[in-house]
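**Q** Take a look at the letters that make up each chain.
Protein chains: 4
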Amino acid sequence: MSDINKVVLAYSGGLDTSVIVRWLQDTYKCEVVTFTADIGQGEEVEPARAKAKALGVQEIYIDDLREEYVRDFVYPMFRANAIYEGEYLLGTSIARPLIAKRLIEIANETGADAISHGATGKGNDQVRFELGAYSLKPGIKVIAPWREWDLTSRETLMAYCAERNIPVDFAGKKKKSPYSMDANLLHISYEGGNLEDPYWEPEEDMWRWSVSPEAAPDTPTYIELGYENGDPVTLNGEALSPATMLETLNKIGGDNGIGRLDLVENRYVGMKSRGCYETPGGTIMLRAHRAMESITLDREAAHLKDELMPRYAKLIYNGYWFSPERRMLQAAIDESQAFVNGVVRLKLYKGNVVVVGRKSDNSLFDEAIATFEDDAGAYNQKDAEGFIKLNALRLRIAANKGRSQL
Amino acid sequence: MSDINKVVLAYSGGLDTSVIVRWLQDTYKCEVVTFTADIGQGEEVEPARAKAKALGVQEIYIDDLREEYVRDFVYPMFRANAIYEGEYLLGTSIARPLIAKRLIEIANETGADAISHGATGKGNDQVRFELGAYSLKPGIKVIAPWREWDLTSRETLMAYCAERNIPVDFAGKKKKSPYSMDANLLHISYEGGNLEDPYWEPEEDMWRWSVSPEAAPDTPTYIELGYENGDPVTLNGEALSPATMLETLNKIGGDNGIGRLDLVENRYVGMKSRGCYETPGGTIMLRAHRAMESITLDREAAHLKDELMPRYAKLIYNGYWFSPERRMLQAAIDESQAFVNGVVRLKLYKGNVVVVGRKSDNSLFDEAIATFEDDAGAYNQKDAEGFIKLNALRLRIAANKGRSQL
Amino acid sequence: MSDINKVVLAYSGGLDTSVIVRWLQDTYKCEVVTFTADIGQGEEVEPARAKAKALGVQEIYIDDLREEYVRDFVYPMFRANAIYEGEYLLGTSIARPLIAKRLIEIANETGADAISHGATGKGNDQVRFELGAYSLKPGIKVIAPWREWDLTSRETLMAYCAERNIPVDFAGKKKKSPYSMDANLLHISYEGGNLEDPYWEPEEDMWRWSVSPEAAPDTPTYIELGYENGDPVTLNGEALSPATMLETLNKIGGDNGIGRLDLVENRYVGMKSRGCYETPGGTIMLRAHRAMESITLDREAAHLKDELMPRYAKLIYNGYWFSPERRMLQAAIDESQAFVNGVVRLKLYKGNVVVVGRKSDNSLFDEAIATFEDDAGAYNQKDAEGFIKLNALRLRIAANKGRSQL
Amino acid sequence: MSDINKVVLAYSGGLDTSVIVRWLQDTYKCEVVTFTADIGQGEEVEPARAKAKALGVQEIYIDDLREEYVRDFVYPMFRANAIYEGEYLLGTSIARPLIAKRLIEIANETGADAISHGATGKGNDQVRFELGAYSLKPGIKVIAPWREWDLTSRETLMAYCAERNIPVDFAGKKKKSPYSMDANLLHISYEGGNLEDPYWEPEEDMWRWSVSPEAAPDTPTYIELGYENGDPVTLNGEALSPATMLETLNKIGGDNGIGRLDLVENRYVGMKSRGCYETPGGTIMLRAHRAMESITLDREAAHLKDELMPRYAKLIYNGYWFSPERRMLQAAIDESQAFVNGVVRLKLYKGNVVVVGRKSDNSLFDEAIATFEDDAGAYNQKDAEGFIKLNALRLRIAANKGRSQL
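Residue numbers (full-length UniProt numbering), protein chains in the order written: chain C, 1 to 406; chain S, 1 to 406; chain R, 1 to 406; chain E, 1 to 406.
Quick caveat, the hints were computed from the structure, so don't treat them as lab data.
None of the values given here were measured: they were computed from a predicted structure.
Check the hints yourself; a few may be wrong.
Intra- or inter-copy, both count: the list cannot distinguish identical chains.
Only pairs whose alpha carbons sit at most 30 Å apart, straight line, appear in this in silico DSSO-like list of lysine-lysine [as the list claims (entries may be wrong)]:
(1) 382 <-> 6
(2) 401 <-> 382
(3) 382 <-> 251
(4) 251 <-> 347
(5) 137 <-> 6
(6) 359 <-> 251
(7) 29 <-> 382
(8) 6 <-> 53
(9) 29 <-> 53
Please work from the sequences and hints to get the whole structure.
**A** Shown next, in the form of structure tokens:
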């Protein structure tokens, strides 16, 4: 274990990763570089500096990655209308590759030969961090303390803290929740505790980012989202940066009881797990993007996107953001977005996101053809006969040869 | 045109299809058999008998197809979690093959050599009726008056009625809406009129099957759906037949403001069209089925279903229910449903369908493994390292050879 | 029919399209512009000029499109390893969009309001020409004489020629074959005649571009193909332009009995049809490209390509080259080809194309890891245990719950 | 390591697995049950009995699994036209689940608590054996000596033999090859040695099951394969059991120089590896099955199969035969095969498998429609216009709105 000289740790400033700092120092006799990112988790990151210093860390990185996160990760993913297993908006998954990328950049800058993180050996995050890291720097060493150490219960962990003088109040406020939580600009997640019974309904006070539909205002909120090349760029006519857009939509959505999810998902490591999520802005963006596409995207492009989407979502869920296959799919998706421009009007009301209008200079909705009224010859109804006849030909031949489809 | 002797018409009893009866008699000098089905459209079908008689029809079929419809069409489709273009629950599409099938059965019983329907040449329904018919009886002739006649405006149609003594009040109540509507047990649809502007929000009184979320009760309704082999069989513990189940869920859902959709879809004939839909029961069933699958379906089976779904939905939307490729997909889907048994608990509140619990004797959710607590060795966290290392191997080799994934 | 002023005809100089010139002049009282392209069909195109003149045509286009054809159509398609229905290399399909594109360009240049072609109403080519044309110029009119006229038998056609003084020797040599043939740089095809019995083996003298395997040399020919970004750029070390490359490979392949295909395919218009094809150069290029990819392409990129390929091939077969969905797939495919560089060594012998070597500076084949010998720690075999354990986890849980996979 | 009482070993009778017998006895102090299967590898299995006895084994299983192998594994796979990465016919992959299944059956019969195999930690076979075993008996323990022991060089292995009195001539004839070989009724494979250079052409005397095309007869061999429900059941009119069919086709194919493959494949464990394969009968069966399908399978069923195939092949390659997702795909595939009946005529000549005829009572090839001659109205060419017009509609609308597809 003496072959590690310096390790970059994804450091939250919380108790667990503070223990990891010390454990790395003790176990590997190596220098620890901490890296704390603001990706919109809703907690101050600056306090992590003093905690890291107190642990003897000399190289401390604290970065505001919010704009990069939304612009280069969240937005490209939303172009795909990505949903994992029909429900999950990938709020944790999409944040991990950015952390991995920054860990590797810092390893390069500081000459570190390893990275470390606080994810457990049962979850998806270890996979996402490590696949990202290996893809960007194949020779990097990875230390995943939760897979190595024996501090597997709260008691042993506390004992370790006591022994090493790690202040337990590092744990912070968040840990007073009975749930394991994680947050970034796209969502906040809850796992563990009573949620481990999938028949158990979470109590109201678990949720932190949204009011309940019941508690939301009795009058709806209308908003207009403006799109360019598949990305939301204006809200009610005002241009917003990616991070500001998502922050604002989180606020508006949360105020209207939007974006709660309660589901059982299939982890890449092979087990099912219960998760609850709040994704207010993402929920709005998903509906809005589909609505924008509904008038601007060609039918077959849309269908191809729909068929590729589950695969794309799975790649991100499983941690393959930095992979050739994700890049291929992204190239196909991005190719489709050149004309996804315009405005979507939405009504937000007690948990509902209702699309009530869409318009675009690039609209393919052709009233002259679609109308139930006289179309002045824009569409020749007689064409439909030949269309149907030839589409039916193979079926008729088969039926003629005695094949039944009943 | 003298080669048609007898034609079976899908007859609603409304004005348009009543005109068609007369037009067929006049134009083809043929006998007309009318067929009127109760598929849950919410209107009496028996009155069609007198109207048909008044038009001189001698063979009149009036069938209650509600149970067959839900059991053999709706339920198999819901096993697939089918959604067209991310939004549409295929409420019109799935009813058409049943009508086509019954038209052909009646043609066989009555010795008719043709079928006819009242769908226009611009829509999907003509395709669905005719593909179904051709697939089941390849030599059948199809008469689609809207593609042939010149009664293309309300005026010419009325003039025709006046000339032939067709009572205009055949139009019935439904036509007082400014929208073109269609309904069956799965949904009611609205098209045309102001909806032809996709930026226009429909007025509240358009909707017929549901109250608005605003008008829905202030207290939530909880229900439990019991599943067997992927189909809902009990509601709050009581066994319900397929049609009764859907009727009941429509009622409960509609009362809670659930199931409204407003979208622009891509028709098979090549144009975009605006449609509004109310699918209260279907919206509940879709969420419930996914929730049931979430604890009972294997991960890769679920993912395969998700990847096949858009294609399956497209087949149904385009009218290929009676096709070898739909049967193949159905075989795959049905193969996956043997263990989709159990109970889903749902909270319905002002437009929201919230899954709040799921349980099953066939659950694959393994608390012993999934737990954040000590798992007593059920899962060896060290396995994750090898798992990640080998999954990363190809990425590391590529990176070693200088390929960047940024 | 008086609304056509000028029509651009895809003119081969043969009898059928010569008749079409006259028929268009007679029927539409319009000016006809002829367009004859050299796409490597192996016949002089210049003689078409005199024939067109003799028919009174004033605007005559004769273009050598061979380089554009291979560079912009054949090569992009081969990057996808496109095969239709497991066998067909799309030799006819891929030539059509280029013809459509040039027809539209000439229509734009000459102010023509229509295009015309000599494809029948039963085949795929009409679809490919017309979809291409409509996609590039949506208001263009299309005249497809074979779908309109009554010259449907050889006799009526000959009578028409006699009546209008069209020299019948326009038919040329090619028509002495009992087969309907078509050729371009990628292949020559045979249809009709005895081939309409799928159990009938074509006689040896049908084939024109290749010797039989029996008649091919008794000693093999070795060649080396050099690739850049997925395209073949050198043959035995010598740089060749796209058209020259394909011409040369056709010659070498044909001399070695390579590239004959005899199959029954499914046309887009709904029927099955028997076709025989000679694609000597294409057959070599397909094997070589896959071999080049086998050492340079990432596994998951390769698998994604394989899963997308049938769909891509179908798009081209059905005539959707100029479509958003083809562009999306092309974007994904091209994204994958940046490192498909290197050399493939092939042995050609009596119909066989045998890959006997591949090498590349971008090879991902890592001998140090792949070796059966001691790998000096490049790969840790113990990682496999965790890899297998976690991949098996979902299967074990299911088995534990009593599910059998037998 | 004392917790293993009895282990069932997949025992070839060769040196490596003989060493494993002793190593298991020594290391785990457990009883070893040997299992040797005849799956058509072309070597006597009975001699394994004496060798096992000499090693002190008391429970010895020697089974002839050839018919089960072809009937229940090879034939279902060939219904899918499965090819991995465009080239590989999965000859090794498909044999592994059968071995896994039998290992588990014997474990159940003998009360063993573990299985063991001689596959290395670098290859796919360990994955296939173990996934199969875990899927069938989730609590089984697996011992993979090559991942555990330190006998990683030939020298240490020989030293171990000397020390434990294991007769080195157990190695048998096969090991005199410089290649690592593996065989079963479907194929024989070669890996390692000089093949580790992908640019190196294997010498002629490596190949064991086929003559070279050069050495094959100068006159072709014609055969007729009869199919029922997608499986070959007669050869030249004579009914043959599955194993006899494959053995016979191997002989005929091998005699005609058919079925050699030389490729670089992507292993599931993450590396590329060079493999050479001889699959004479399988190569014939693949071409024949596709030809049989070409006249009997509906177009869209065929295309769906083609799109699912790469995924199906990957599942088998990766070891997921006993999985819900393979069963789902198999259900879809098998659903399509009911009418894949008839006869395919093939010409075999110096490495070429040429389809020269196909016929079937279930043929969908309709000469009356397909003919280039007058079809007496079976097909109305005018239908094509409407077909094209509506298929083009979306493209025309887009072009009208200024979108270019160039």
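**Q** For each hint, tell me whether it holds in the structure or not.
**A** Results of checking the hints against the structure:
1. Taking the closest pair of Cα atoms, residue 382 and residue 6 come within 30 Å of each other only across two copies (23 Å); inside a single copy the shortest separation is 75 Å, beyond that limit.
2. For the identical chains of this complex, residue 401 and residue 382 are neighbours both inside a copy (29 Å) and across copies (24 Å), given an alpha-carbon limit of 30 Å.
3. Taking CA atoms no more than 30 Å apart as the test, residue 382 paired with residue 251 passes in neither setting, with 52 Å inside one copy and 40 Å between copies.
4. For a Cα distance limit of 30 Å, the shortest separation of residue 251 from residue 347 qualifies both inside one copy, at 15 Å, and across copies, at 24 Å.
5. Taking the shortest alpha-carbon separations for residue 137 and residue 6, only the intra-copy value of 15 Å comes in at or below 30 Å, while the best inter-copy value is 44 Å.
6. Taking the shortest Cα distances, residue 359 and residue 251 sit within 30 Å of each other inside one copy (25 Å), while across copies they are farther apart (34 Å).
7. Taking CA atoms no more than 30 Å apart as the test, residue 29 paired with residue 382 passes between copies only; the shortest distance there is 22 Å, against 81 Å inside one copy.
8. Taking the closest pair of Cα atoms, residue 6 and residue 53 come within 30 Å of each other only inside a single copy of the chain (16 Å); across copies the shortest separation is 56 Å, beyond that limit.
9. In the homo-oligomer, the alpha carbons of residue 29 and residue 53 lie at most 30 Å apart inside one protomer (17 Å), although the nearest pairing across protomers, at 54 Å, exceeds that limit.
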